[in-house]
Each structure stands twice: as C-alpha cells, then as structure tokens.
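Join the two chains, each given in its own frame, into one complex according to the hints.
Residue strings, one per chain:
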Amino acid sequence: MTQERILVIGGGIAGLQAAAALREEGFRPLIIEKSPATGGHVARWDRLFPTQLHAREVIDTLNTATDGIESATGQEIVSLQSDGTGVTALSATGERFEGRAAVVATGFDLFDARLKEEYGYGMYENVITSAELEAMFRDGKVTMRNGEAPKRVAILHCVGSRDEKVGQNHCSKVCCITGIKQAIELTEAVPGVQVTNFYMDLRAFGNGYEELYRRSQIENGVTYVRGRISEAGETIDKRIQLKVEDTLVGRPLRMTVDMLVLLVGMRAPKCCSTFGLPTQANGFFAPRDPYTQTVASTTPGIYLAGTATGPKTIGETVNEAVAVARRIRMDLKK
Amino acid sequence: MHPGSPWFFDPFVLPFSIGVLWLFIAIVWKWSKWFAGLPREDKALIRHNFFTARTFRAIKEAFLECLIHRKIWKTNPMLGFMHMSLALGWFLLIVVGKLETSAYIRDAVNPPHVHVFFRYFFPEEPAAYIRHFNYALLMDCLLIFVLCGVALAWGKRLYSRMMGMKRTTRHTPFDRIALTTLWLIFPLRYLAESITCGVHDSGSFFTGGTGDLLASVLPGGVLSAMEYPAWWAYSIVLGLFFVAMPYSRYMHIFTEIPLIFLRAYKVKSKPEGSTFDNFQIQACSRCGICLDPCPIAADLDINNIQPAYFLRDRRYGHLTAQVADTCLMCGRCAQACPVGIDQATLRLSSRVAFARQSSFYEAPRYEFLASTADRSEGTGRVGYFAGCMTQLTPSITRAMEKIFAAARVDVWWADKNGGVCCGRPMRLSGNLPAAERMERYNTELFRKHGITTLVTGCPICYKTFTQEYKELQKMGIRVLHHTQYIAELIAGGRLKTSTLAASYAYHDPCELRGIYSEPRYVLSHVATLTNAESHEKDRVHCCGGSLANLTLDTAAQKKIGTTVVHNLLATGAETIVTSCPQCKKSLQLSAGNDQVHVVDIAEVVARAV
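If you read the sequences in order, they're chains A and B.
Per the working numbering, the first sequence starts with residue 1, numbered consecutively.
Per the working numbering, the second sequence starts with residue 1, numbered consecutively.
The following block holds chain B by itself, in its conformation from the complex (with noise of 0.2 Å):
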C-alpha cells in the first residue's frame, strides 16, 4: 500500500463495500424496471421535454428540494435545517472527501471506500497537502454540519413539538433499522476519526482536538487498541443502512431525484396506475408533514390513513381498502407535502384497483341513459348545470335564477333539460367506466345544445368539468363556477346590487381550491365579510362532507364540519357562507339545525339584487 495506487485494502471496508453494491444494483433494477414500464405516452413525454429548459429546471429543483430542502424549511425553520444538514451535510462531506483523496492520491480513479476511510488509509496529510488547501479543516467542518442534523434528529424524537410536528411516524422494522444506523454513521464516524488523529496526532481541530483529548485520558495502548474496531464500526453500520435502505423509508434519498426531473416532463399519476406511481410513492420519506394537517387525524384521532401511512402500505403490499377509502381528499396533505406527492391520484387509482375485482366493475351500467327517449329542450349560450347536490339545496338554484334574470342573462338549465350526475362520486369511489359513461352523456348533451359558458352550482362538477371532461376544452366551452360567473356580471356591471348590513364568514370549498378571490369580491361586494386568515383558503379545514370518503359516517363527518363552524362563527359573523351545496349542507349539520344559519354565496348575492 503506497501513495499513487488506487486500490487500498483492508477487511474492514468489506461491510460498507458490499452494502454499496447492494444498495447500487438496488436502485438501477427498481429505476429501469420503473422507467421500462411507463406508458408509451409517457416515455414520449419524456423524449420530447428531455432536451428543453425543463431539465435545467428539474436540475434547480433538484438540488433546492433534495439538498437544501426548502419546503421543509418553509414549514419549519428548525425541521428544515435538521434535513438540510443531514442531506447537504452528507452530500459535501461525499464531495469534499471525493476531491480530498483524489487531490491526494494525484488520481480521480479509486473505490468509493478510499475516500470514506480516507483518514484510516492516511492517519497523517504531508505538509505539502495542507500548504494548498486545508482539506481537513473543511471535512471537520462538514462532520459538525451532519452531527447537528443528528442532534436535532434525536431531539425530534424526544420532543417533536419542538419542530413544530404533534405528530410523528410510526415506522416499519427497516426504518428501525436503517433509522438506528443513520442515527450511529456520523458519531462513530467522529470517534474513529478522533482515535487515529489521537494515535497520530493528527487531524484538524475537532477530529484532531478530541483525539488530543482522548490521548490524553486514555492509556496509550488502550487508544491503539481502539482504533481499528471503531473503523470496522463505522464501516458496519454504512453497510448495514445500504442494506436496509431499498427496503425503507430512506429510498426517497434517491428516488426523489428522478421524481422531479419526470414530473419536470410533465408525467403524471392516472387514475389507472402505471410505473410511475412507484417513483412517487418510494419518493415519500414518511417526514410526518402530512399528519397535522390532516382533518381526520384532527378531528377523529384516526392515525393510519394518511399519506405516509397509505404510501407505506401499498408500497409493501398491505394496503386495505379501509385505508385507501378513508380520505376526504381535501388535500390539505398535499399542500403540505414536501416532495409534491400528488396522493389523491395514487389514492384514486389503488381505489379503481379495488373496483376492479369487483365483478361489476366493467359490467355496463346506466344503460337506461341511451335508452330514456331524450326529453331535453330549449337552447342557450350559458348552461347552467345544477348537478346533484345543488339540486337538494334548490334555494340555490332558486338564488341562481333571480340572478340571471336580473342580469338578462337567457339560461339553458341542464338539470331540467337531461343532464346528468357529473360522474365525479363513481369515480372517487374507483368506478371509472360508469363515471366516463356519465361524461359522455353529459358531453354530448352540451353539444347538442350548442353551450359556449357551462355555470356550474357545485364544485364538485366544476371540478370533473375542468379536469375530466376532455371534449369540453376542444369544444371551445368555458367552464365557470357560479362564484366566477357572478363576479364577473358584476364587474363587468351586468348585475346591480345593493349592500346587505349582515356579516358572513366565508368557507372555502375544498373542491374550489385556488379559487379565492372570486368569492371574495363577490361577497365583500355585497356585505360584510369577517374571514380568520389562520383558517382560509389553502389552510381551510374540510366541512366533513367530502364525497371522496368512503368509510367515516355521519357521526364523524359532523365532528369534523363541526371544527369549521367554531373557526368560523369565532370570527363574530352571524351566518356562514360556502359556495358548496355540499359544504352547505354538511356545516348545516354540524351547526346544529336551528342556531346558525349556512347559506350558498348566490343566496346571498339574490337577497342583494
């Protein structure tokens, strides 16, 4: 063994070597099984946006997100750093230590285990080395960086609230595993380092200084003695977090990476599945962000639906359907989320593969809509569809109805003229073929009908609208909720109204998010509004009466609601207003049935008309 060859040996490396390995044909089987198995489309995505500015993007993200975790750092200050220094930590000392033993071996060619027992292999830098650059110095540096994030680790665990978190993972057995490992690298790290620089008398001043120190208490002998089973320590638990990591949460570390740079190329998650799902949900590291702000877990103290539970069972294989079918889908996780998870579409499609053992799930359903002798009459440029639930709250539709007339607007009324269920509770539920049944019913209905605005009473329809129903974009019709509609008639001074001396607070429909300032002109314009910023718009706790649960009961549901209607009605308004026929109806609920009245934003737009 001699400065100049490469090949430095000895039995120790052998655990953190074979792990490498391992964990390295790891991830190149799970990426190229993953990437073979995309949808042909997808793989076109791919090429077409591969050499566009979109990889540069992708790259930003990348290093912004897996390195510095800005997010994180978004959610909490303390939390954030605890990932930064772990991730970014790490990632220098792999660098710095890279160009340390290329710089000093005069060769970039060497085994990864030359650089990661550099100081074993060379207790001593030549005089010459430190002249150019005080490499030694840097890596104690980067050493205490990464034992901070440690520190901080251990301390999360004692003491979550202190970043922040209620509430923590439970984790699987690997996790255990991987977790105490990477609890153990860097301290053990730190203590063979210190040993030999204590041997040597060598190092910087924090490798160098505790070695000093622990000279200086121990024996001679006893330190010499030391040295080596620390570095086969240090060496067994690497290889033992290589080993464990394709199995545990820690793969996020790597399947991040390639999850942005194909979310960069636009691939999505399909309601159906595809391989892609496995770079999203292998790209969740279980953080636990999406635990507090989760209205079940909230409200019902249900702990083992949300996202990092869900994602870990169907990875390993034991998702239930209690699970999958336990969301309300309001996506307060989502927004949370640090690595963008889209978790409604992965949930959306383990929900249609239950559907599918089902042996219902592609028998022909809904015959009787071709069969019903079409009934539907009358024409318009704006259709105003209702859907199902405006149709049980019919003094929104009553609201709606005052409102075009007073604006002279000529209104085709699809509920009245054959339309349909938007098909949006089929599918939440998994049933995709009787929802695409039901859109190309509809669809061809607002064909016939020559419909240029579709006004729609519920978000829920607006939703499937906007998102599912592909034809309506190529059919040039513009989808609009009725909160859009009515701010733009009055802006554009269609609708005159006066002002109402009461004071609303105003509750975000799940379904409309990204919608909030049409509700908000509206409603200022006619009355007083008394919003909590704490609780509004992406912060907006769900009213309970998600379609897309499919398991809470009603009991549950209301005590869900119930925590909108305190949030609310602490801001001293005198009604709620929502501009959800859902929402409506489930904070009805939840108010108690005679104390506080819940109303639809058109209601009250008619009483200012």
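Chain A with its partners taken away, still in its complex shape (with noise of 0.2 Å):
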C-alpha cells in the first residue's frame, strides 16, 4: 500500500514534531520549509524557560525524530488549495506540491521593533530585541556596540503585544517568562550588571514560572517596575535615557542604561493573509473551534499546529503536532 502524503508547512518545531507524529501514524510527511534550514525560532534562540535547557536539546531531539523524512527547503508557499480529496501547495518560486491533506504549521513573526518608533530601535545603537539578545547569549558575550559591557540593563515587556496603538492587541504569552530567563541569564553572562524589568502586568501562569520570577529578584537581584516606558532618548555617550511612570508608585522616573532590551511579542506572519483560511482577531488562523478541534482548519484536509493560531511555549506546539497528526489519521482512516 503506497503511504499517503501529508504535506507539513513549516519546519519549526511544530512542523518537526509533527511530521515525526505523522510518520509514527503511517503517513508519509513532506516537511516545507520556506528558510534554508529547519528549526524555525527556537534554533536561533540560546536557552529556554523555565529551566534553561539549550534550545538546541530540543532541536535535536526533533532532528533526531525525523532523520529520513522528506524535506523541502528554501520553498515559501504562498497559496494552499484543498478540493476535498487532496491538498495542492504553491511555493513563491512556481513549484508545486501535493498530498492528501496539509498541516499549517507556519509559526510567527517576531514583531518589527521598529513600529513602537518611541523606543529608538534601529536608530539607538543600544537598543536591541531579546531576539538579539539570545544571539549574543549564543556567541557567549553581551556586549554594547562599543564592546563594553553593559553596568545597566532594562527589559522593557510588551513591545508589540498588548498594543491597540501598533494593532497587536494580544499577549503574546511567553515574554513574559523570557523576561525574566533572560534577566537571570544577563546577570549571570555580566557579573555585576543591574537589570530592570519593565511591565505592565508580570503573567507568570506556567509550571515554574512564579518560582523563576521570585528566584530572578533574590537570587540575582533583578528589580521590576510596573510602567511601560514611555520613551527613549539617546544621550551623547550613547546610553538610553528612559522615561516611565512607575506606576505603583505614581510618579514619573527617569532611568539611564546602558542597553535596552526589547520583548518583542509575536505577531501573524504574511502567510495568514495569504491561505484564504479564515483567521481570528490578532491574525493568526483560526481554528475550527478552540475547546475539541483547536489543530483542524475549517477546510477540510487542511489542519493547524503550533503558533500558526496564536502565541504558545514549546510544550504546547509540541503537544499540538502530536495531536495533530493523530486527528488525521482519525479523519483520512475512518
């Protein structure tokens, strides 16, 4: 019995897991991927919260689960089709691909930093994503443009999430919680260095999260402040001088640092746009319904996983690309 296609689109982790899942569920998965690589965002990032596990673990262990399976690189798709038996993928350079039925698991942007124009990103040279900082994290310096290192950092949460004012509405979830990683893990990479979180509301809700959140303040001494800061100067020495209303208090503060770090939140990426499928108020593609078919689509042969409908952690997406493949098997092999 020839095995039947399943065409998996993205190549983060919940593509990887996923494609694992559907091998293990007797399909045959072909993994998309629109970037030279696999491993979406969590190849680029250092270590991961809650307990600082390197990323790289957790690509390896998917590496591992799908050595031998089929993959396309370099192939953005940019149009799905599913006409009820079949499923019919077109990449943005005119290749075509088909299967039985297709799992969307095209992930998130990083938000661009550079829509909240009030913080100076790409124009303060000290001024960086926590995307950045992971990269430095990974290279194992943090380091100011100057090559210095910094005496002061702030964490500023909620760029991009939450925001009426940039149109991403939602919390992204998981900022949250690397804020606070990554505030740990500065004052381990930079002895000495002071860091300060800046939020409007600290959502630590996952397994482990509170006990970090109090760790980060006693065990390495990082403040927060509730306020978002409302802007960002550059001072002649190129640190950034922040204002902010610290809110439990009521009174304005003025901050200078030397780095400023921002929690860049997770927004739909073009593709959302793009499928035709029906997507939900931040974007990101709506599921069928989102209590008991929250990894199928409302078309039929074409399912969902991971971050392709909303912000999650890696546990999650991971949990979904196994759901997922198991909820085909159950609907193509009644």
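Incorrect hints may appear among the rest.
[Unchecked claim] Calculated from the model, a selection of chain B residues having no Cβ within reach of chain A, i.e. all distances over 12 Å:
id, residue
1, W34
2, Y159
3, S358
[Unchecked claim] Dumping the calculated DSS-like pairs for lysine-lysine here, alpha-carbon to alpha-carbon at most 30 Å:
id, chain 1, residue 1, chain 2, residue 2
4, A, K165, B, K402
5, B, K463, A, K243
6, B, K30, B, K270
7, B, K268, A, K238
8, A, K243, B, K402
9, B, K74, B, K268
10, B, K448, A, K238
11, A, K270, B, K559
12, A, K238, B, K402
13, A, K243, B, K537
14, B, K537, A, K165
Calculated from the structure, these hints are not laboratory results.
C-beta atoms are modelled at their ideal positions from N, C-alpha and C, and glycine is treated no differently.
Dropping the structure here:
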C-alpha cells in the first residue's frame, strides 16, 4: 500500500514534531520550509524557560525524530488549496506540492520593533530586541555596540503585545517569562550588571514560572518596575535615557541605562492572510473551534499546529503537533 | 369696521395673535436672561464696539446670512435657494404686507394681524389704490417665491441628495410640530386668499386666478362656506408655529441675529462657558450641513454626535459625556456651518462641565513639577519644543537636529531641559486646572531661558502655544511650527537642499489648519508633491488619531485613517508625508505596518540636506 503524503508547511518545532508523529501514524510527511534550514525560531534561541535547557537539545531531539523524512527547504508557500480529496500548495518559486492533507505549521513572526518608534530601535545603537540578546548569549558575549559590557540594562515587556496603537491587541504569552529568564541570564553573563524589568502585568502562569520570577529577585537581584516606558532618548555617550511612570508609586521616573532590550511579541505572519483560511482577531489562523478542534481548520484536509493559531510555549506547540497527526489519522482512516 | 380704524378684529385672528404674543415674550425673556448673564468683560466689549463700523458690518452680515443665506448658496445652490426663498420671501411678505396695509388704511400703526389677514379684511382693493402701486401683484409674486421654498423643502425630505446632502437631521417632537405647521402656513395662506378672491372676484394673477378657477369649479355656496374655515385654519397653523418656535430649531431665525452682532463685537465662547453659549446653541437650525463632512459619520456611521445633535442635546439638557467626548475636533463641521457656530469651544465647555463633576477637578495635580529639582540648562534664542508626540517619534527629532545643524542654528532643546506636556490633552478632556498648571510651568521655563523664537515639532503644541499661552505673546516670543521654520530657512537661503527623486502626498494635520502654503513650499522645493485638491487643506479628512477624541477605540481610529491613506495613495505617491507626529503614527497604523511608509516633513527635508 502506498503511504499517503501529508504536506507539513513550516519546519519549526511544530512542523518537525508533526512530521515525526505523522510518520508514526503511517503517513509519508513532506516538510516544506521557507528558510534554508529547519528549526524555526527555537533554533536561533540560546536557552529556554523555565529550566534554561539549551534550545539546541530540543532541536536535536526533533531532528533525530524526523531523520529520513523528506523535506524541501527554501520554499515559501504562497497558496494552499484543498479540493476535499487532496491539497495543493504552490511555492513562491512556482513549485507545486500535492498531498492528501496539509498541516499548516507556519508559526509566527517577531514584531518589528521599529514600529514602536519611541523606543528608538534601529536608531539608537544600544537598543536591541530579545532575539538579538539571545544571539549574544549564544555567542557568549553580551556587550554594547562599542564592545563594553553593560552595567545597567533595562528589559521592556510587551513591545508589540497588548498594544492597540500598533494593532497588536493580543498577549504574546511567552515574553513575561522570557524577560525573567533573560534577566537572570544577563546577571550570569555580565557579572555585576543591574537589570530592571519594566512591565504592565507579569503573567507568570506556567509551571515553574512564578518560582523563576521569585528566584530572579532573590538570587539575581533583578528589579521589576510596573510601568511601560513612555519614551527613550539617546544620550551623547550612546546610553539610553528612559522616561517611565512607576505606576505602583504613581510617580514619573527617569533612568539612564547602557542597553535597552525590547521583548518583542509574536505577530501573525503574512501567510495568515494569503492562504484564504479564516483568521482570528489577532490575525492568526482560526481553528475550527478552540475546544475540541484546536488542530483542524474549517477547511477539510487542512490542519493547524503550533503558533500558527496564536502564541504558545514550546511544550504546547509540541503537544499540538502530536495531536494533529492523530487527528489526521482519525479523519482519513475512518 | 371701516377703513381708517386700525383695530380690525375677528375671532379667527386669536390663535395667530396669541402665538405672536407668546413668541415675543419668549424671545424677550431669553435674550434678556442671556444678555444679563454675560460676563463683565463681554459686556465691556459690547459697549466698546457698539458705536463702531463693526455694527454696520454686522448689519450687512445679518442681511446676507439670515435672509440671503450666502454660505448655504456656496454649499449647494439649490439648498441656498430653498433657505433664501423661505427666509427672504417671508421677510418681504411681512414688510410689503405691512406697507400695503399702512398705505391702504392710511395709518402706520396697526396690529400685525391686520396685514397678515389683509385679504380677509379687505377682499377688494379700491381702484385708486391700484393706480398708485399694484401691491396685490407684488404680494402674489412673493407668495410664489415662498411656496417654491416650501416645495423644495418637501422635495428635500423625499430626496435630500438632490441638494447634495446624504444625511439629514433627525427631528425632535417640537421640531416636527413646527416643521409640519411651517409647511402648511403658506399653502393655507394661498388657499384662504384664493377663496376670498374667488368669492369677491378680486386679487392679482395668482390668488385671483386660482380664485376664479375655484369659483368656476365649485358651486357658489360651497366656496363662500369654505372662506371662513380657511382663514381659521391659516391662523391656527400660524399660531401653532409661533408657540412651538421657542422650543424648536426655528428659534435660530431670531437668535442668529444677536449672535452675528455679538460676534462682531468680539464676544466669544469660553471653555468655562457663559450665557453667550446660548446664543450659539439656539442659533443652530439643525440644517444638517455639518453631518456629511464629519469623518465619524462617514467612516463609522455614528450619527448622534455631530454639532446638530450635540447642540440639540445640550440645549434640551440631555447631553451625555459620550456625545460630548466623541469628536475629533477636526473642524470640518465648523468649516461647513452656515451659521459659523464655534462648536469646538462649546464642546470643550461641555467637557469642562463634566470634568468639574469629578472630585479630582480642583485637586492639585502634577505637584512634582514644582518639587523636581530644576535640571534645565543651556540657552539659545531659538528653542525647539518637540513635545510628547515628537518624543514618541524620535526620527523627527533626529531630522530636526540635522536641519538645525545644517542651517547653523544654535538651539535650546526644551524637552531635554525640563519641558513638559503643553497641556492640550488635559485641556481637551476638560481638565483646565491641570492644563493651566503645565502652561505656567512651561511659560516660566521659556522665560528663564530667554527664548525669542519657539519652534514646535508638534502642531498640537503649536496650537496650544499660539492660542492658550497668553504670556508668550507678551514676552515677545514668536511661535512657529517647524514646517514654517524650515520654510523660512529655505526662503532665507540658510538651508541648502538637494532635490529628491521621490513623490510624496501631503496630509494636512487638522491642528495646522490654515498653514497650507509653507508645507507645500518646502515639499515642492525638495521633492515631487502629488496632492489631490478634493482632499486637502480645509477639506482634509482627520487621520483618526486626534487627541480630542476621548471615546473611539483604536480600531475605529484606524478606520478613519484608512480613508486618508486611501485618498493619499490614490494620487500615485510612494510615500505619505505629514507635519504632525500624531498623524504620522495613526496613518502608519492605518496604512498597515509594512507596506506604506509615513514620514514627517522634517524627515524629508533632512534627507535632502
């Protein structure tokens, strides 16, 4: 019997795990990834919350699980059609992929911090994003642009999350705990550095998050100020002057830091508007229902997994990827 | 009853006479109350300006606006004709009717009902009278003139687009009574006069002709039997109209006149409110011309906050904060208003009234401004006040740094040296004491640093500095928006620029109303400008991000901005340029974050430096 081919669009952790699970369910998955290599955002991360596991280990596990599975990299899917008996995907280069069903595991884009112009990203040299800080961690040296180690760092939460002014009304879910984790890692990477987190709410909802939040304060001396930075200006010596209201004290506060880290949120990628599938108010794909059909789209033959339907942690993403394989088998092999 | 006595009477004149008396008392009562309640300084203004040319100009304006309705003619000629035929036609019917009566009874003193019901009391004019002047012909012409207006008003109800109006005002019950009676007055007058002319075989071509026709169709007895009831009906609708008038929108007929005079004497509405506001509020005829230009009506289909409704709600005492707070104060409605009502200040005074109800209103706020150690430093003749909004768009400040450096201007940077918010957001939300607190602080700061020219990066601050900071003028500080300043630098040869190979569509910020030539001069100097006339200058659509709006959420604001982006991109421009950091932000949001670039005029110039 020829195995049925399932297209897995996206080669991040959702796509990789889905492909591995689909093979176990007896399908022949094909991973289609737009960038030259699989692994997605996680592959570019250094360590992960809440246990500071190296991201590499997650990727290695998934790579092992997907060993031997067909993949097409450098292929960005621009259109996806289902006719009830099969699906067809077209890439930007004109390549055509056909399968019995498709898993949309297209993930998220990081919010473009330049749109919050008031923080000066792209203009002030010592304003970086959380993703760039991870890259520094991976390289093993956290420095200002001039090569010096920062003495004072501010981490700003909710950049492009819960912000109507940039059309991003949703919570990106993982940034709070990422901010806590990065604050701890900063104190580990740069001895003596003083780290302040500026937040509106700290949503430490997951297992071990609250504990990490507490630990960061007691053991690492990280401080937390409730208040969104209203504006940032660059001083002559390229440091960043912040204006913020400490909303717990009810007073404005000015602070000059060596480095400002923007915790950029998750936004829906472009494909969310080109695949012709229904989307939610936050722009991400809409599952058939958010209770018992979280991995099915409204179109038969097209399934969803991971952050394609909104911000999620790695654990949740991997669970969905396993679930989507099971859901496809239940639907197709009745 | 014989010619020569002015006291003609018949019971049917009672409804009319009671109505007129009632109206007269209502007007005298309202006006005296409002005049008496005017603030002392406003009364002084009236005294000071009364015996000046202003009075003559006001008379001229009253004639042009209350009778001819010149501004409505400019909006739409057919609409103008409708208003003029009703106003001027009725006015002339009264004047000519009065002359006719006085000439006929040879006594200038006669009660109003005599000329209103002239034809009833004098069914046949004497031949000698016709020899002097054919009043009957003239009165018939005027009646036709007014009836044209009534017919157009009926037509407008059925199909308002005929007069260029998409939306018409929804009416209150009193307005409906007044409107219905107004529509019946002249047809009934026409009927009553025609019947009398038919019975007595008199009258000119119109009423006489119709009378002849009626007499030929109807049996003689029927026509005579109809005469008296017809005059009763005419008197009753007149009386009803006059009784309803003080409560209805038709109060504008009499209120606009004192408003024109008071305005000529420089009396203005104030954020704190005064009885002068009543003249403005009741001068609104709810004609509905303000409805179509409103971006909130056009893009969001919210149809209860426009000046016609806001002023109505305020007049009848059921104004809600929601109505007062939902407004961009973009000024499009005020631009269109034929009465020239200053709705923005009236809305502001309503907001102040609501804010006063809060216990925070008089509570000292921003006390830290005084206690903060003064860290300001530096001096310079030119001060640059970026303001909060420009602080949120640092690329604009960067661009200005480059421009100042290129023009070799030594600048004092207000924001880095203790400058605080100009106060406009607080003012617009009705919190005047808080706004004044900031005004005092900034004024002292400018004084301390000897600023002579104050350049602002934000039109919101510009408007506040020029309109609210009364001290600045006394201190001799010249306030300019950076658009004007850059134009001066270029014109004076102090700023050398190259030409960019790019096309821009310029968005006029609402807060820079009237400053149209400078940005166009600057932009056409450095790049190609592709503006479309139908959507620029006074006709610009607000970006949606106005600080004056206190209720619309971002999704709604974005919708308004989308119209602007659409209009601007339709001109074929690659980039949108504006001169307001707030417009920049909201247009960027509406344009979608990735596709279109929105920049400030300073950024364009800096690129060309």
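Quick rundown of the hints versus the structure:
For W34 of chain B, the condition that its CB be more than 12 Å from all CB atoms of chain A holds, with the nearest at approximately 43 Å. The beta carbon of Y159 of chain B sits about 40 Å from the closest Cβ of chain A, which is more than 12 Å, so the claim that it is off the interface holds. With a closest Cβ-Cβ approach of about 17 Å to chain A, S358 of chain B is found to remain outside the 12 Å limit, as its non-interface label requires. Between K165 of chain A and K402 of chain B, the direct Cα distance comes to roughly 28 Å. Compliance with the 30 Å bound is thereby established for this hinted pair.
Taking the CA atoms of K463 of chain B and K243 of chain A, the gap is near 25 Å; set against the 30 Å cutoff, the hint holds. The straight-line distance between the Cα atoms of K30 of chain B and K270 of chain B is roughly 20 Å, inside the 30 Å bound, and the hint therefore holds. Distance hint between K268 of chain B and K238 of chain A is unfulfilled; the C-alpha atoms sit about 50 Å from each other, more than 30 Å. The suggested pairing of K243 of chain A with K402 of chain B holds, with an alpha-carbon distance near 24 Å, which does not exceed 30 Å.
Restraint check for K74 of chain B and K268 of chain B: the C-alpha separation of about 25 Å stays at or below 30 Å, so the hint holds. For the hint pairing K448 of chain B with K238 of chain A, the CA-to-CA distance comes to about 29 Å; that is within 30 Å, so the pair holds. Proposed proximity of K270 of chain A and K559 of chain B is supported: the alpha carbons are some 21 Å apart, at most 30 Å. Among the hinted pairs, K238 of chain A with K402 of chain B is consistent with the structure: their alpha-carbon atoms are about 17 Å apart, no more than 30 Å.
A hinted pair counts as satisfied when its Cα atoms are at most 30 Å apart, and K243 of chain A with K537 of chain B does not qualify at roughly 36 Å. Straight-line distance between C-alpha atoms of K537 of chain B and K165 of chain A comes to about 26 Å, which keeps the hinted pair within the 30 Å bound.
Violated hints, in rising order: 7, 13; the structure is consistent with all others.
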